[in-house]
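Chains as they are written, first to last, in the numbering used here: chain D, 165 to 668; chain U, 107 to 539.
For the record, the hints were derived by calculation from the structure and aren't laboratory data.
None of these values were measured; they are calculated from a predicted model.
Watch out, some of these pointers could steer you wrong.
Residues on chain D that point at chain U, a partial pick, calculated with CB under 7 Å [said to hold, decoys possible]:
| id | residue |
| --- | --- |
| 1 | VAL229 |
| 2 | HIS231 |
| 3 | GLY236 |
| 4 | ILE239 |
| 5 | GLN248 |
| 6 | MET251 |
| 7 | LEU264 |
| 8 | GLY270 |
| 9 | GLY273 |
| 10 | LEU277 |
| 11 | ASP278 |
| 12 | ALA279 |
Away from chain U, derived, C-beta distances all over 12 Å, residues of chain D [as the list claims (entries may be wrong)]:
| id | residue |
| --- | --- |
| 13 | GLN230 |
| 14 | ALA240 |
| 15 | THR269 |
| 16 | LYS282 |
| 17 | LYS316 |
| 18 | VAL403 |
| 19 | ASP410 |
| 20 | PRO412 |
| 21 | PHE440 |
| 22 | LEU520 |
| 23 | GLU526 |
| 24 | THR544 |
| 25 | VAL607 |
| 26 | ARG632 |
| 27 | PRO646 |
We put the CB at the ideal spot given by N, CA and C, even for glycine.
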Amino acid sequence: MKLELRDITKRFGSLVANDRISLTVEPGEIHCLLGENGAGKSTLMNVLYGLYRADEGEILLDDEVQHFTGPGDAIAAGIGMVHQHFMLLPVFTVAENVMLGDEATGFAGSLDLDAAGKRVAEISKQFGFHVNPSSVIEDLPVGVQQRVEIIKALSRDAEVLVFDEPTAVLTPQETDELMGTMRQLKEAGKAIVFITHKLREVREVADKITVIRLGKVVGEASPTASNQELAAMMVGRPVELTVHKDPPQLGEDALVVDNLRVIDALGHVHVDNLSFTIKRGEVLAVAGVQGNGQTELTEALLGLQDHVTGSIKLDGKELVGRSVRKILDAGVGFVPEDRQEDGLVGNMTIAENLMLNRSFDEPFVRNGSLQLDKLDEFATQKLKEYDVRAPGITTNAGNLSGGNQQKVVVARELSRDLRLLVAAQPTRGVDVGSIEFIHTQIVATRDSGVPVLVVSTELDEVVALADRIMVLYRGRIVGIVPPDTPREVLGLMMTGERPEGAVA
Amino acid sequence: MSTSASTPVTPSPAEEEIVLPEVTVVDRKAAVMFGVLTVGLALLLILAPQEGDTSFRLKAPNDFIELPTITVPSTPTAWVLTLACALCTAAAIVLYTQKRKTPIWLVIVFALAWMTGFLTWAAAGGTVPVVGLLGGSLAVAVPLVFGALGGVLGERAGVVNIAIDGQLLFGAFAAAMIGSLAGTWAGLGASMVAGLLVASVLGLFAIRYFVDQVIVGVVLNVLVIGLTSFMFSQVLAPNAASLNSPPRFRAVPIPVLGEIPLIGPIFFRQTVIVYILYITVALVTWTLYRTKWGLRVRAVGEHPKAADTVGIKVNRTRFRTILLAGAIAGMGGAFYTLVSVPQFNREMTGGAGYIALAAVIFGKWDPIRATLAALLFGFASNLQGVLSVIGSPVPSQFMLMLPYVVTIFAVAGLVGRSRAPAADGIPYRAGGQ
Numbered sequence: 165m166k167l168e169l170r171d172i173t174k175r176f177g178s179l180v181a182n183d184r185i186s187l188t189v190e191p192g193e194i195h196c197l198l199g200e201n202g203a204g205k206s207t208l209m210n211v212l213y214g215l216y217r218a219d220e221g222e223i224l225l226d227d228e229v230q231h232f233t234g235p236g237d238a239i240a241a242g243i244g245m246v247h248q249h250f251m252l253l254p255v256f257t258v259a260e261n262v263m264l265g266d267e268a269t270g271f272a273g274s275l276d277l278d279a280a281g282k283r284v285a286e287i288s289k290q291f292g293f294h295v296n297p298s299s300v301i302e303d304l305p306v307g308v309q310q311r312v313e314i315i316k317a318l319s320r321d322a323e324v325l326v327f328d329e330p331t332a333v334l335t336p337q338e339t340d341e342l343m344g345t346m347r348q349l350k351e352a353g354k355a356i357v358f359i360t361h362k363l364r365e366v367r368e369v370a371d372k373i374t375v376i377r378l379g380k381v382v383g384e385a386s387p388t389a390s391n392q393e394l395a396a397m398m399v400g401r402p403v404e405l406t407v408h409k410d411p412p413q414l415g416e417d418a419l420v421v422d423n424l425r426v427i428d429a430l431g432h433v434h435v436d437n438l439s440f441t442i443k444r445g446e447v448l449a450v451a452g453v454q455g456n457g458q459t460e461l462t463e464a465l466l467g468l469q470d471h472v473t474g475s476i477k478l479d480g481k482e483l484v485g486r487s488v489r490k491i492l493d494a495g496v497g498f499v500p501e502d503r504q505e506d507g508l509v510g511n512m513t514i515a516e517n518l519m520l521n522r523s524f525d526e527p528f529v530r531n532g533s534l535q536l537d538k539l540d541e542f543a544t545q546k547l548k549e550y551d552v553r554a555p556g557i558t559t560n561a562g563n564l565s566g567g568n569q570q571k572v573v574v575a576r577e578l579s580r581d582l583r584l585l586v587a588a589q590p591t592r593g594v595d596v597g598s599i600e601f602i603h604t605q606i607v608a609t610r611d612s613g614v615p616v617l618v619v620s621t622e623l624d625e626v627v628a629l630a631d632r633i634m635v636l637y638r639g640r641i642v643g644i645v646p647p648d649t650p651r652e653v654l655g656l657m658m659t660g661e662r663p664e665g666a667v668a
Numbered sequence: 107m108s109t110s111a112s113t114p115v116t117p118s119p120a121e122e123e124i125v126l127p128e129v130t131v132v133d134r135k136a137a138v139m140f141g142v143l144t145v146g147l148a149l150l151l152i153l154a155p156q157e158g159d160t161s162f163r164l165k166a167p168n169d170f171i172e173l174p175t176i177t178v179p180s181t182p183t184a185w186v187l188t189l190a191c192a193l194c195t196a197a198a199i200v201l202y203t204q205k206r207k208t209p210i211w212l213v214i215v216f217a218l219a220w221m222t223g224f225l226t227w228a229a230a231g232g233t234v235p236v237v238g239l240l241g242g243s244l245a246v247a248v249p250l251v252f253g254a255l256g257g258v259l260g261e262r263a264g265v266v267n268i269a270i271d272g273q274l275l276f277g278a279f280a281a282a283m284i285g286s287l288a289g290t291w292a293g294l295g296a297s298m299v300a301g302l303l304v305a306s307v308l309g310l311f312a313i314r315y316f317v318d319q320v321i322v323g324v325v326l327n328v329l330v331i332g333l334t335s336f337m338f339s340q341v342l343a344p345n346a347a348s349l350n351s352p353p354r355f356r357a358v359p360i361p362v363l364g365e366i367p368l369i370g371p372i373f374f375r376q377t378v379i380v381y382i383l384y385i386t387v388a389l390v391t392w393t394l395y396r397t398k399w400g401l402r403v404r405a406v407g408e409h410p411k412a413a414d415t416v417g418i419k420v421n422r423t424r425f426r427t428i429l430l431a432g433a434i435a436g437m438g439g440a441f442y443t444l445v446s447v448p449q450f451n452r453e454m455t456g457g458a459g460y461i462a463l464a465a466v467i468f469g470k471w472d473p474i475r476a477t478l479a480a481l482l483f484g485f486a487s488n489l490q491g492v493l494s495v496i497g498s499p500v501p502s503q504f505m506l507m508l509p510y511v512v513t514i515f516a517v518a519g520l521v522g523r524s525r526a527p528a529a530d531g532i533p534y535r536a537g538g539q
């Protein structure tokens, strides 16, 4: 089935998310939609899927104009979508998720789970998936969950398949498998739209590339274009893709973690038997697929986890068992992985957000009242220093773009005297320009002699920043390796295999 | 790295199910609770000793097979049962130290031993009518169960139904008025319509206009109290003979089942509404877990966006579910005026809707468990009535607190870890706008 979008325009208030975007995808073709976070790719696909109504423009399938009033219409017309945030019910089984909305029923509307199970098995067999229809989604690894999303789309006979940032949560190996699946689908004659901001993947599978910036199509590119060319098109100016850093000036051991174990309230062990050290002036980057204990590790360092055993010593002082406030006072800076949830208060101003970790006493609080003059002066200076693009320091943090929000968080954390910096996913959902800036700041912090722990699921980021790489799998250390370890090896380690020579 | 088009899709190690190692986190709640209750019972026996024998009457009038009345010496029996409680407590402590969970049967054994021990002490020199105590509990629990079912349905679909009390009260009012005019069945139908009306207002504001569900619910309860009180004093009270004297549903014994000793008189010599209740519990459970409709209801309560992306109309599904929930809760109201007391009174539900709400949470949003929870609350209420008739040494004011104390303990202490439907109470705006 041929998909054509003509002059799609979508506005949210005064913001034009999509500005006259046109796109044609032929059957048996993988069409890449390349653009930064916030460029309008997902909005466009939500219009296609009937979740948003376009203000102008039309959608054509096999040259027929479509009028979608909701996702139900889009599905019926043969459009399937693999969402960035999986649209799966975590407490339902695979079969229940696949059948939802299109249920096979028996007597009096009773569910025919067997029929749904058969359908899952049928499609799994066709594409070589291994999915058990009666598994509960929340027990499955994300790679398998994604396959359930694909099966869900295929079970409704989708001819046009949209993959919205599908590789964000996958290991390199899983990514390769997904690429294989996409090629299989292409050979089966499906039209595929592949949304991403990762250049390597684009060049690997795309037949055609359309680049979107700030809601507009800025051009087409061929899959043979270089990374540099694609990145420049995407960002609108030449960008530096590598981080410049000097060899580390290592000091003595600063953070010593010994036999750390983190258990949640239900008894699941998320971090087990973790021992590592970080020296002054060193970046230890934690690699691993999301959900392998990274969140729990960083939260344990900050004192946010309740059931922690083992020891975390910073400059000889024990942190386990101390309150978050005490740990902050000990000089730990923390960039949380979800800035909207844990990093900022969206309804508070930039200035107020900048003093969140110093709300107890001097310099911003005296005798229980805020020192607004000092705060304003400080915030104005930080806004400039960290290049936060905002109308002013009284703008609500929630109204900033992802990159600028993250800069506010980084500015707050780095403007204290730090003895340890913990940065979790420091550039997730951040534009390329801000990524450059934040990376530079992290490297500068390390060069000033502070030990840094960076957690990232993006292998590129890990490799770019790390002086050593620690790979986590199911809450345990697979190995601690130098940053020049080949990507293939790191990828294997992320699935739990320990290659020869890796030191645990 | 590069892969060619012919890359075989091989299973990677990640495809095995991830099994995180688990450590059992045990709770000392059960052991502590057992200990406190056991000591409490022992203190009662020491500080307020009772003389005489206690009888437990197990038969009901007109029984086909008559069970004997059991008579035991009060104080020694109570001590034996206290000892049994102490043993259960010891077992719970041992299990805790061994990092094992307290099994449910131990809780049941403890509860039975404690309750019997308490009754033996409280009713010394008298007779405990076991059938009356338990059958009466069921009767008291009927509106609670209907209300809890309405609550479970609503919350499973993602709408918190605080207005259960209003639905019960309005149902009771409508059943009394229409029942007086057109008979019991019309009254029952009217109660369902009344509950549905209250639900439709809740739905309109909470689903259509995204008003905070808790606020709408509370306001609706107050509104219904005001409305029914006004109508009562202006319309029903002046014309009590024609508008506020509904006929009652009579108890209809079920042949054979009703003759089973002990169980028969408790469960199968009830009114039609109670039998409708049994069917409703079964139907709600079946539809919720086994039908297309139920799957969709659970989906919109768990992850409305996922439901939306497969073409399910989220808010329409929620609205329909809330209406059904209201009709079910309304039937509970009919029990007050068509069975318990054949007339409507101001605020006659006495906050039962809130207890039903507690049963929803205690029952972990599951229809069967919520029913059991409602029955427990019913038992606590009825115990108070029965004991005051026997003439127990416990001050009646203290006993009146019992159902509420049980509710607080149950919801706060015993419920354990439960997971509400993920989108419970969160309005859904299509298109994420």
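Hint-by-hint comparison with the structure:
no., hint, verdict
1, VAL229, "violated, 20 Å"
2, HIS231, "violated, 15 Å"
3, GLY236, "holds, 3 Å"
4, ILE239, "holds, 5 Å"
5, GLN248, "violated, 12 Å"
6, MET251, "holds, 4 Å"
7, LEU264, "holds, 5 Å"
8, GLY270, "violated, 10 Å"
9, GLY273, "holds, 4 Å"
10, LEU277, "violated, 9 Å"
11, ASP278, "violated, 13 Å"
12, ALA279, "violated, 12 Å"
13, GLN230, "holds, 15 Å"
14, ALA240, "violated, 8 Å"
15, THR269, "violated, 5 Å"
16, LYS282, "holds, 17 Å"
17, LYS316, "violated, 8 Å"
18, VAL403, "holds, 23 Å"
19, ASP410, "holds, 29 Å"
20, PRO412, "holds, 28 Å"
21, PHE440, "holds, 20 Å"
22, LEU520, "holds, 26 Å"
23, GLU526, "holds, 40 Å"
24, THR544, "holds, 34 Å"
25, VAL607, "holds, 26 Å"
26, ARG632, "holds, 22 Å"
27, PRO646, "holds, 19 Å"
Of the numbered hints given earlier, the model fails hints 1, 2, 5, 8, 10, 11, 12, 14, 15 and 17; all others are met.
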